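Line order of the protein sequences matches chains P and R.
Sequential numbering from 1 applies to the first sequence in the working numbering.
Sequential numbering from 1 applies to the second sequence in the working numbering.
Keep in mind the hints are simulated off the structure, nothing from the lab.
Possibly wrong hints are sitting among the right ones.
Stated by the list, open to error - Part of the chain R face toward chain P, derived, beta carbon under 10 Å:
hint, residue
1, Gly9
2, Glu23
3, Ser83
4, Met86
5, Arg90
6, Ala93
7, Gly150
8, Arg154
9, Ala157
10, Ala160
11, Ile161
12, Ser164
13, Arg224
14, Leu284
To be verified - So the derived label-pair ranges between C-beta atoms look like this:
hint, chain 1, residue 1, chain 2, residue 2, range
15, R, Arg224, P, Asp91, 53 to 63 Å
16, R, Glu96, P, Leu43, 16 to 26 Å
17, P, Glu71, R, Gly132, 25 to 35 Å
18, R, Glu96, P, Leu56, 19 to 29 Å
19, P, Arg95, R, Tyr119, 35 to 45 Å
Claimed, not checked - On the chain P side, residues computed to face chain R include the following (Cβ under 10 Å):
hint, residue
20, Val37
21, Gln38
22, Leu40
23, Val50
24, Lys51
25, Gly65
26, Asp76
27, Ala79
28, Ser82
29, Ala85
30, Arg87
The structure presented is a predicted model; accordingly, all values stated were derived computationally and were not measured.
Ideal Cβ placement from N, Cα and C applies to all residues, glycine included.
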Amino acid sequence: MSVADPADPADPVQPPAFVEPAELPVFVEPPLLDAVVQVLAELAAELWTVKRRLDLTEQELVALGGRPLDEIPIGDAEASRSAAAAREFLDGIFRAFTAAAEVEHP
Amino acid sequence: MSGAGVLRGYRGTAVAPTTLDDESYLEAVQALRGIATGPLRAHAERDANASVDVSAVPTGAPSHQRIAVLPSVSVRDRVLRTSQDMLWRRVAATYERRRDELVDLLDPDASGAPAVPSYLGDYHLQPGGYHGDALAGLVYHYGTKIFWLGANDRDEAKTAIVESVPAPADGEVGVVVELACSVGQSTTAFKARFADAEVWGIDPAAPMIRYARTRAHRMGVDVRFAQCAAEDLAFGDASVDLVFASLLFHEVPVEVARRIVEQVARVLRPGGVFVVNDMNPDALTASPWSEYERWWDTTHNSEPYEYAFLGSDFGALLGRHFRDVEFAGRGINARWTATR
Numbered sequence: 001m002s003v004a005d006p007a008d009p010a011d012p013v014q015p016p017a018f019v020e021p022a023e024l025p026v027f028v029e030p031p032l033l034d035a036v037v038q039v040l041a042e043l044a045a046e047l048w049t050v051k052r053r054l055d056l057t058e059q060e061l062v063a064l065g066g067r068p069l070d071e072i073p074i075g076d077a078e079a080s081r082s083a084a085a086a087r088e089f090l091d092g093i094f095r096a097f098t099a100a101a102e103v104e105h106p
Numbered sequence: 001m002s003g004a005g006v007l008r009g010y011r012g013t014a015v016a017p018t019t020l021d022d023e024s025y026l027e028a029v030q031a032l033r034g035i036a037t038g039p040l041r042a043h044a045e046r047d048a049n050a051s052v053d054v055s056a057v058p059t060g061a062p063s064h065q066r067i068a069v070l071p072s073v074s075v076r077d078r079v080l081r082t083s084q085d086m087l088w089r090r091v092a093a094t095y096e097r098r099r100d101e102l103v104d105l106l107d108p109d110a111s112g113a114p115a116v117p118s119y120l121g122d123y124h125l126q127p128g129g130y131h132g133d134a135l136a137g138l139v140y141h142y143g144t145k146i147f148w149l150g151a152n153d154r155d156e157a158k159t160a161i162v163e164s165v166p167a168p169a170d171g172e173v174g175v176v177v178e179l180a181c182s183v184g185q186s187t188t189a190f191k192a193r194f195a196d197a198e199v200w201g202i203d204p205a206a207p208m209i210r211y212a213r214t215r216a217h218r219m220g221v222d223v224r225f226a227q228c229a230a231e232d233l234a235f236g237d238a239s240v241d242l243v244f245a246s247l248l249f250h251e252v253p254v255e256v257a258r259r260i261v262e263q264v265a266r267v268l269r270p271g272g273v274f275v276v277n278d279m280n281p282d283a284l285t286a287s288p289w290s291e292y293e294r295w296w297d298t299t300h301n302s303e304p305y306e307y308a309f310l311g312s313d314f315g316a317l318l319g320r321h322f323r324d325v326e327f328a329g330r331g332i333n334a335r336w337t338a339t340r
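Same shape as in the complex, but just chain R:
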């Protein structure tokens, strides 16, 4: 992506905000998020865990109501929610100022593209979600730049995750598919790691695919993107060596998760690997605060399927379709490595 639409260049790999004031404002929003997720969260966690018996983690409305009214928790909740609202509002506004030029820079919209799944929501409070606006990919990219608090400005966090993904034991990696690739940061990292492989990124949202293609082209990375829901994979049976899904399953209904796993099992060849990075189900039982935080994210940060996913025994679902499933959980993050 180059030309008049990006007059102020890039911040990391994201298109810079249109004005200096917008960029400065978003620096402040990033700082606010850092305060909410740092010191304010620490205070809230301490108070929440002290407010209930940690030996018997209660769940449900009574526990949530008791924790939510603690002053430190209500402050954390409000500051985090406010920072999210400010983030999306200003990121959308800054690109809106140059909408026509930026839309012209995007890869052309695909005609005859499949319909967007009805379950898609305005995840993380992004207005219109991943699919509701042509500039959603740009907005999402800068929004997540702030989400990462500067730790992924040059895709370094995504690249590190991709570097840690286990390859099939036989070392054969001819085709790689990333499910729900969004703007393709991991997809391009996979191509850097497996240079000879055919690397695909799929996502149900057309704005994400258009931006992902534009971004990869600007980077000079030869990857392929397709607008496609993960539960409707168009790859042939046993044709793929490695499938990767990062933070997908907590954003789909449990029934859709079941269909996705079936599809991945179908397209993976024997010995192929399905690697899933997502939220750690142990979060529901680790502590009162941990359980509350996931509930809050579900209900107040527009993650409508998160809580149900965490309680769904995702490992058992994988176990019904793969011969070997390894689980590793640490804090809020978890990884399942399933071998076909």
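Here chain P stands alone, though its shape is the one from the complex:
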């Protein structure tokens, strides 16, 4: 039984060096990019939709008072806060994506 030498780049047992996402030269080809973006965007929007329900404020729940969820009287201020929170939420999801787009190219 031999032990691989981690210093030997020719050693097939050596694990590949970790590559930061931002160092990837081209991470997906355009046709795949289309699919990735669409799936990621839809997933992010649906995740936010679920989170939005889970994050209903106490005031909103009181206002709900047994009425159907889709009749919650959300005010403009709450809607604005929610829109800002959505941006923060999606920023997190797309941060890796953005980093990939920051790649320097010749």
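Knowing the structure of chain P, use the given hints to seat chain R on it.
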């Protein structure tokens, strides 16, 4: 507009989405658009401008193809396009859930209305465009609420633009006409500014006019709307003091633009003013990215006449019909102020 059709009230001045899930989804779409037009665009712009010689801005297919394949550009393009597709799909779907009630709330459709101009398209990828569906006005209003990223929820951006419109030098403002008024956000702002004036909004799309009337009535603003193409103005010669057109001319063929300018020159009285807000032609030469972005908008965001408008020397067209034309361009936005 009030009643069962708007159970969840309003978001700003737009009818709220029918369900909380729809509203939440559209918040996410707005956030996605913010990412595409913010950080992703900044990266794309930097890479595009670095990829070609900025001292000799190339145009045409070779330049576009070279820029389009840059990873940062292709990501920006795809995310922006996806956000547009998601936006219209969900806004249309949310109002579709209460279609009958919402249609009942609209101002009645006008019988004998003029035919829709054949050149109208599905602008900005809105399915059916401005004219293809009775609910197009509601859809457009919420869609543009997202487009503005929350900066125009209460018409504040439109109102600020109207406040900046120069009035005729003699101060006489008896009749104001807004061309291609869509849902009438600027039209109602004009009435707020010129309370004693007769203020008209015209648009070739019946769904926009129906919604604009309903919206103005709900706001208690006394303005008049008519379904009418800007190239077929029904106003008498020299009968109007101020004509305003915002983001109209890049959405019509150059030949139609010529006819519109002729009509405006006809209806404006001596000393009357024609104010045009639209895209800045300088965008075609400002930088490789700037030129690419306008081409992309033309070909991928269903703005079929945009690129031709930018290259058409619109200022010269105005100069042939008005005694004085002032131009002010800043970034993507431009304003022409033409005095009759």
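Going down the list of hints, with the structure as the test:
1. Gly9: holds (6 Å)
2. Glu23: holds (8 Å)
3. Ser83: holds (7 Å)
4. Met86: holds (6 Å)
5. Arg90: holds (8 Å)
6. Ala93: This hint is violated: Ala93 (chain R) lies away from chain P, its Cβ roughly 13 Å from the closest one there, beyond 10 Å.
7. Gly150: Holds, because the Cβ-Cβ distance from Gly150 (chain R) to chain P comes to roughly 6 Å (cut-off 10 Å).
8. Arg154: Holds. Min distance 8 Å.
9. Ala157: violated (15 Å)
10. Ala160: With a closest approach of 18 Å, the Ala160 (chain R) hint is violated.
11. Ile161: This hint is violated: Ile161 (chain R) lies away from chain P, its Cβ roughly 22 Å from the closest one there, beyond 10 Å.
12. Ser164: violated (25 Å)
13. Arg224: It is violated, given that the least Cβ distance between Arg224 (chain R) and chain P is near 29 Å, above 10 Å.
14. Leu284: Not OK, violated: Leu284 (chain R) not within 10 Å of chain P, min 25 Å.
15. R:Arg224 - P:Asp91: 53 to 63 Å: Violated, since Arg224 (chain R) and Asp91 (chain P) (Cβ atoms, about 44 Å apart) do not stay within the stated range.
16. R:Glu96 - P:Leu43: 16 to 26 Å: This hint holds: roughly 23 Å between Cβ atoms.
17. P:Glu71 - R:Gly132: 25 to 35 Å: holds (30 Å)
18. R:Glu96 - P:Leu56: 19 to 29 Å: Holds, at about 25 Å.
19. P:Arg95 - R:Tyr119: 35 to 45 Å: This hint holds: roughly 42 Å between Cβ atoms.
20. Val37: For Val37 (chain P), the interface hint holds, since the closest Cβ of chain R sits about 4 Å away, which is under 10 Å.
21. Gln38: With a minimum Cβ separation of about 5 Å from chain R (threshold 10 Å), the hint on Gln38 (chain P) holds.
22. Leu40: Because about 9 Å separates Leu40 (chain P) from the closest Cβ in chain R, which is inside the 10 Å limit, the hint holds.
23. Val50: holds (8 Å)
24. Lys51: holds (8 Å)
25. Gly65: Because about 15 Å separates Gly65 (chain P) from the closest Cβ in chain R, which is outside the 10 Å limit, the hint is violated.
26. Asp76: holds (7 Å)
27. Ala79: OK, holds: Ala79 (chain P) within 10 Å of chain R, min 6 Å.
28. Ser82: holds (6 Å)
29. Ala85: Ala85 (chain P) check passes; min Cβ-Cβ to chain R is 8 Å, inside 10 Å.
30. Arg87: Constraint on Arg87 (chain P) satisfied, holds at 4 Å.
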